[in-house]
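Chemist: The lines below spell out each chain.
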Amino acid sequence: ETTEVRLAQQYGISYLPLMQIEQNRLLEKHAAARGLGEIKVTWSKFAGGNVMNDALLSGSLDFAAAGVAPATTLWAKTRGTPSEVKLVTAMNSMPMYLNTRNPNVRSIKDFTDKDKIALPAVKVSIQSVTLQMAAEKLFGEGNHNKLDALTVTLSHPDALVALLSGSSEISAHFTTPPYQYQELEKPGIHTVLNSYEVLGGPATLNVIYTTTRFREANPKIYQAFLAAFEEAIALINRDKRAAAEFYLKYSKDKDTVKDILAILNDPQIEFTQTPKNITRYADFLFKIGTIKYRPASWKELFFPEIHHLSGS
Amino acid sequence: MSAPLLDVRDVTLQYKTSERLVTATQRVSFQVHAGDRFVVLGPSGCGKSTLLKAVGGYLAPVEGEIRLNGTPIRKPGADRVMVFQEFDQLLPWKTVKENVKFALVASRTLSGSEAEDRALHYIAMVGLAGSANSYPHTLSGGMKQRVAIARGMAMQPAILLMDEPFAALDALTRQQMQDELLRLWEDTRFTVLFVTHSIPEAVKVGSHILLLSAHPGRVRKLVHSDGSDRADASGLRLSERIHRQLFESEPVAKELVHAA
Amino acid sequence: MSAPLLDVRDVTLQYKTSERLVTATQRVSFQVHAGDRFVVLGPSGCGKSTLLKAVGGYLAPVEGEIRLNGTPIRKPGADRVMVFQEFDQLLPWKTVKENVKFALVASRTLSGSEAEDRALHYIAMVGLAGSANSYPHTLSGGMKQRVAIARGMAMQPAILLMDEPFAALDALTRQQMQDELLRLWEDTRFTVLFVTHSIPEAVKVGSHILLLSAHPGRVRKLVHSDGSDRADASGLRLSERIHRQLFESEPVAKELVHAA
Amino acid sequence: MPPDARCPATSGTLEAPPLLNEPPIAGERPLVLVEQLANVAALRKILLLMVLAVLWQAYASRLDNPLLFPTFTATLEALWEGLLSGALIQRAAFTLKLLLVGYASGVLLAGLLTGLAIGSRLGNDLLETLTAMFNPLPAIALLPLALLWFGLGAGSLIFVLIHSVLWPVALCTHAGFKSVSPTLRMVGRNYGLVGPRYVTRILIPAAFPCILSGLKNGWAFAWRTLIAAELVFGVSSGSGGLGWFIYENKNQLEIPSVFAGLLTVILIGLAMENLVFRSIEVCTVRRWGMHA
Amino acid sequence: MPPDARCPATSGTLEAPPLLNEPPIAGERPLVLVEQLANVAALRKILLLMVLAVLWQAYASRLDNPLLFPTFTATLEALWEGLLSGALIQRAAFTLKLLLVGYASGVLLAGLLTGLAIGSRLGNDLLETLTAMFNPLPAIALLPLALLWFGLGAGSLIFVLIHSVLWPVALCTHAGFKSVSPTLRMVGRNYGLVGPRYVTRILIPAAFPCILSGLKNGWAFAWRTLIAAELVFGVSSGSGGLGWFIYENKNQLEIPSVFAGLLTVILIGLAMENLVFRSIEVCTVRRWGMHA
Ligand SMILES: Nc1ncnc2c1ncn2[C@@H]1O[C@H](COP(=O)(O)OP(=O)(O)OP(=O)(O)O)[C@@H](O)[C@H]1O
Ligand SMILES: Nc1ncnc2c1ncn2[C@@H]1O[C@H](COP(=O)(O)OP(=O)(O)OP(=O)(O)O)[C@@H](O)[C@H]1O
Ligand SMILES: [Mg+2]
Ligand SMILES: [Mg+2]
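Protein chains in written order, with the working numbering: chain A, 1 to 312; chain B, 313 to 572; chain C, 573 to 832; chain D, 833 to 1124; chain E, 1125 to 1416.
Since the hints were made in silico from the structure, they are not lab data. Glycine included, each C-beta is placed from N, C-alpha and C at the ideal position. One or more hints might be untrue.
What the hints assert, rightly or not - Cross-link-like lysine-lysine pairs, in silico, BS3-like; alpha carbons within 27 Å at most:
(1) A/K86 to A/K29
(2) A/K86 to A/K109
(3) A/K252 to A/K240
(4) A/K252 to E/K1221
(5) A/K240 to A/K186
(6) A/K86 to A/K114
(7) A/K86 to A/K186
(8) E/K1221 to B/K328
(9) A/K114 to D/K877
(10) C/K588 to D/K877
(11) A/K287 to A/K137
(12) A/K292 to A/K86
(13) B/K387 to B/K406
(14) A/K220 to A/K240
(15) A/K252 to A/K40
(16) A/K292 to A/K40
(17) A/K249 to A/K186
(18) C/K588 to B/K328
(19) B/K406 to C/K666
(20) A/K86 to A/K252
(21) A/K40 to E/K1221
What the hints assert, rightly or not - Stretch by stretch, here's where chain C covers chain E in the computed footprint (C-beta under 8 Å, at least three residues):
(22) 1319-1332
(23) 1383-1389
(24) 1403-1412
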């Protein structure tokens, strides 16, 4: 088995479990416990899920962590090929809010041509897909792209600034924690849509995935990683205040413990390995043609180690 | 005597380089009147080109003053057209004809077909009618100089400044150009300030010949010439006299002896 | 007679431009033997520089052949050092001394202090000891040419190609340079191929004088000279004879008459 | 500026400059067919491109990782599909339109700025300082200001494009202006040219080889920036250009289409170089003997 | 190459070229203090920078939207903090190190490629084709190959950097080489220079003004690319340069720190221009009279 494991994370509080693994050296610990001795763990940070995929495919990375959308797409693309990729575990469930500063907009059907909805990537981001699902619900089958014309690509911080500054055309922002909460703190901003409403319950935001090849070649490290991940989630869920302080210490984020704790204590937010509502996304992506294969169950996307969980 | 057209008074010209301060000419004074054919003669490096550039308005004297028609020269202008010593004075992106036309048009002297006609006339005069549509890089050294001469003459300026214009020309062409210059002068009596190395040329072309000493250039003598190589009272020919006056105890000569 | 050092046979040289095909020289033949001072004389634009460039190896004849020591010339080389007609032949990023040293070092003729000594010797010879550390852009036109001459002579090549080297020099300096050239030749009997416009210069410097006709250049006559302007049987001076031979019924002259 | 229409026809002649630096061929002899073909620049270049394509194909086949680096044929297929469906053409047209506007404005501004810089010492300081300051700034740095001033969409993209074109072109142009021979400058002044006339009639043609390389660089950087900028901001759905086409396909892991997009960029670049820039070169600097 | 140590001392003198294009001042008279100060380029430039800073401050204050465009003073504060905490210096040092390696390699490669291009017709075609093809390609296009060949980390960043430096520098250098005067070329050949010796002893110094502008452009683009590439390639544990610093702070909405990061880029750019490039210019092209 390999003696070096390469992992990557992204920026933000949703990657808290991976931060725990990194800072507390959980993977090293569990690898040693499995008799693998001293292994080298290399961490990278990326600004987006695309590069994760490239890095994974080029063999520069062993475990990738990203949103449900890039992971599902990569799974569907590589299914049955030598470089097959499957999901290892879910990382969290978090809602995404569509916030607006336009007081006339109470639901997504109130958006007019004058409104512009910022999201990380038009058509392809998870926010965009969620909006399409909502649009389909509202306007009926085949009309999922009705609101696409209003959407605009902007990174989260840029969109937040644009929304709050009030001086740009951006009047709404479909985003993730912590930005959605920072926006809601400002007067005049309210939520129009919650991704949980669209999917009918909690939904996984980020997942971890790797290649079948890696898992087969390194079964012990794979196990060690799962164990480390389990421990990290347990650590967070045991003491949320400690987790918040931990986050602030290592992320160099200049937020307050109170704010972070508020996010962690939000009942909608959960750090869990259980995949939630992933099949809904997959089905929708299949329906609109983004992926060419429809999984029969969520278990088809995941490696068997977590098949015992009650995912969806 | 009428007021001079060009009045150069106590002009010292210097170049500042990173290595040293070079004095090109020192307290040079002379007057050029309208209609003069004024020749500047002097050894290599004595500041002839520099003096011409100062008259052209490209260089400010550190001492003294240059006045044209009574007003100090402050900048270059089409009233003093210059034929430079360098071969790269033609605009490479224009043909021979366009180069001459350019001067006329840019200075707003003539335009359109008038400019074209005059350009072609002067190009034929310097013997380059066949190359009117050639680009400068396809010309020989002497041909380039002839285009520059045609360009300068076509301008018919108040004062024509010529820096060794005939140096790159063969004996016959040179003689023809000298004759042409004199013939033109007979026609229009323009004023010309002419730098040359050749004493016979100076004698032939010049009505006044200013002799400069070697580096740094100072006025040695002003000689008048009626165009012929006449002998003076003591039986000395003009060109011989100039030769003596110019080259008696030259530092260049000393250095050469020293090196030999 | 020994085999010629340089054998030019039926050489036609042409330039292709986008406008037309220019024939610079047409079927020119001549032989230069070791120790010859071979002068090429001809009107402006007749192909003298082009011929020299072909000997230098920069230009391939479209017809005929040029052989040096029996082998056809295929590319430039330090055995044929060229002094160009253009003022921009000095490397602007090197001082006068460095320019001369550069030639010696680049061609692996000399190196180190030997190169330095020889450079300084030749620079003094052309009267520029005081400007040895100046950059070319601070020199006058004549000074630049003298540096190029010093550089060429310092190389002491098998054959020295000089394209109007003294054209930008004043009468005295020119005469001194001619003398210097002849003195050097007395010492080392090098071979020189020399282009000039000046008939007196040709007579003084050359042991053989090749007269070229006007554009396109063809051989008109080969004249031998012993260095003095001797009179021949019919009482005609050599320079006058050359002048006649060279300039009888020239197209340039015709054109000038036409334009006048 | 080109005075007659013959100049494109001369490109063949100009391929073989009269002053050879290589060993000259003595005399004239009929060229062998291979040699004749080798003399045609276009043919040589096409051959070169074919070699590159074969290398690509070979490497990609050996690699066998189509999601990372598809084969040339797969890319061609995707390109063909993209062309057939019209998507690629429409996207490329959108991008090209923006590109041209931004490029033209950038070049114009560069001309103005350098004209100013050559005319006065303060202008010179200004140009040098601004270039040193802004040239290294990535486009994202301008995002907030762009959004503020031009809002979403084309305006902001053009602003960013101008930023990417202006400085490199100004830098090359300025360097070119400064190295114009003193004699030519004096000639220009002599005939009374000052200000804009001096710049357009003397400096620009005299500095043309430098300016041309600046224009080529500016063109390349406009592409680079536009492709990148379309990802960073302001693309509303439906309007996106080639950059967005690439990004979208990348997200959907349609890697052959991604490479088809990139290939389009390459092809447009080659066309621009060989049709536009080369023609300009042949009609100007080569014709004028200012280029070997 | 500069033969003596005096050249830096001459910069003052060279500020006022002997051949004025502006109306010359007749005679010599003692300069008024203001004029004397105005003659010092450094002073003029500092004044210019101060004016720009005041403009920034004024505009930002009027805008009053610190999240979008913080004031100059707020940015300075953030800069100061960043410097004190050492974070900014460490990030900048990391980026600079990469930058220098990538820049140096890119310039070297450009030199090689242009040397090849000037030596043979095939090399010339190769350079022209490759430049036209690759110069417009954005860095992301190279991502897969970079990852394949160099994995995550510095190797890939340097690869991308080289891409951003190589083409513009090669383009300017090639244009410069081609416009070297035929006489100088012939002189070089005459003394037996061929191949690399010909390139280094004749072409490079003769084309130096063009090359210098290429180097400046290359430097600027290295910065632009590196800042952007750090986001694309991410960071390996602990490392992270200025680009990542900007990204992180943007994510945390620490906008003054974002601008402090950008200001650092600007300051380094100014330092590079005024200390390095200007000295090179003074010691070379100006000294040689190849620059007005
Ligand atoms: N740009 C310059 N910078 C510094 N010194 C210069 C410059 N131009 C000329 N000089 C110096 O000024 C002096 C006079 O030069 P100038 O060109 O006026 O001589 P000239 O009389 O025209 O000589 P020539 O007959 O050789 O052309 C020379 O010593 C020369 O070295
Ligand atoms: N690069 C070129 N391209 C095309 N034609 C050229 C080129 N160089 C010279 N010519 C032409 O070739 C002919 C001979 O030129 P060359 O320079 O050899 O003349 P030359 O005898 O040296 O004249 P000069 O005494 O004026 O220097 C001229 O008609 C000229 O127009
Ligand atoms: Mg002179
Ligand atoms: Mg000649």
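Chemist: Against the structure shown, which of the earlier numbered hints fail to hold, in ascending order?
Modeler: 2, 6, 7, 8, 9, 14, 16, 18, 19, 20, 23
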